[in-house]
Amino acid sequence: MFESLFSGFDTDSVFDEFRRLENEMVQLFGHSPWPAGIRTVGRGTFPPLNVGATPERVDVYLFAANLEPKSLDLSIQQNLLTVSGTRNVEVNEKAQYYRRERFDGEFRRVITLPDDVDPERVEAKYRDGVLQITIQRHESARPRQINVN
Amino acid sequence: MATQNVATGGSTAVDKEGGEPSTAVESRTRERDVVLIPAVDIFEDAHQITVQAEMPGVSKEGLNVQADRNSLTIEGAVALDLPTGMSALYADLRSTKYRRSFTLSGELETAQIAASLKDGLLTVRIPKRVEFRTRKIKVEVP
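Those protein sequences? They're chains A and B, same order as listed.
Just so you know, we're using our numbering here: the first sequence kicks off at 1 and counts up by one.
Just so you know, we're using our numbering here: the second sequence kicks off at 1 and counts up by one.
Worth double-checking, as some hints may not be accurate.
Looking from chain B toward chain A, a few residues come up when the C-beta cut is under 7 Å (computed) [what the hints assert, rightly or not]:
1) 43
2) 57
3) 59
4) 61
5) 64
6) 82
7) 88
8) 90
9) 93
10) 114
Simulated crosslink set (DMTMM-like; lysine to aspartate or glutamate; CA at most 25 Å straight-line) [said to hold, decoys possible]:
11) B:118 x A:68
12) A:94 x B:45
13) B:118 x A:73
14) B:60 x A:22
15) B:97 x A:17
16) B:118 x A:90
17) B:60 x A:93
18) A:94 x B:81
19) B:60 x A:115
These are computed hints drawn from the structure, not numbers from a lab.
Remember, predicted model here, so these are calculated numbers, not experimental data.
Positions of the beta carbon are idealized from the N, C-alpha and C atoms, including for glycine.
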């Protein structure tokens, strides 16, 4: 507490900001074991995904390099988000392959979101091989400050 | 919401410049950090060996490809758009760093390695030395 009280006078605040960003990354990628959801799948499933939440919204990050955004099919039903699509890996017929680890073909993932998400307000974007789907929560479900008279 | 770019080693630099002694304990913790191993395709044709590595979330700035005579190392740091105060509900990926190394052999022209990154897919091409390239030999019929 005192630290934050005294920072902000010099360059420290900039570095605090870096630290905050890093902490948030650690938060999202976490190292603590979560209870496994009923739809959790084993290692090696394509694409891997992370889900992060704030009081206002839920963000789903799917890590899938070199996708054709047009091949994606996103649907949301109540709090169930389904992402499916196809990824074709180009094969060089003339080459000799030593390793072929990259996922090739159709994929489908189903994600259970918190109950209070608003299926009407969903946005998706694809950048640097990450598909980010942002779902807003219902206004009524957000925490509210209550004044005591 | 801001674009956040947490580059590899960025935090170490921060610690130094922030005037905090970076302790041995801390560096040990960092070494133990989980590293993601990118999935790769590796193939060879007459002129070169190509490595294609999946590193979604890595931008050009967060990427580091290093090669010397004997080895090739690819590293990347994930940068994402994160809203402030986010907490995780679920995570398949438990790290923000990718790293993988390969040993190279002598017939490769390591000084001429070319790398490109598109939508999280890294392509590294390592040409073979001219004298090692496969040549078609024409059979002359007398």
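Status of the hints after comparison with the structure:
1. 43: holds, 4 Å
2. 57: holds, 5 Å
3. 59: holds, 5 Å
4. 61: violated, 10 Å
5. 64: Since the shortest Cβ distance to chain A is 15 Å, the answer is violated.
6. 82: Because about 5 Å separates residue 82 of chain B from the closest Cβ in chain A, which is inside the 7 Å limit, the hint holds.
7. 88: holds, 5 Å
8. 90: holds, 4 Å
9. 93: Given a least distance of 5 Å, the restraint on residue 93 of chain B holds.
10. 114: violated, 16 Å
11. B:118 x A:68: This hinted pair holds, its Cα atoms lying about 12 Å apart.
12. A:94 x B:45: Status holds; Cα separation ~7 Å.
13. B:118 x A:73: holds, 21 Å
14. B:60 x A:22: Holds, at roughly 19 Å.
15. B:97 x A:17: Holds - the C-alpha atoms of residue 17 of chain A and residue 97 of chain B are around 20 Å apart, at most 25 Å.
16. B:118 x A:90: holds, 14 Å
17. B:60 x A:93: Violated. Residue 60 of chain B to residue 93 of chain A sits at ~29 Å, over the 25 Å cutoff.
18. A:94 x B:81: violated, 40 Å
19. B:60 x A:115: violated, 37 Å
Checked against the numbered hints given earlier, this structure breaks hints 4, 5, 10, 17, 18, 19; the rest are met.
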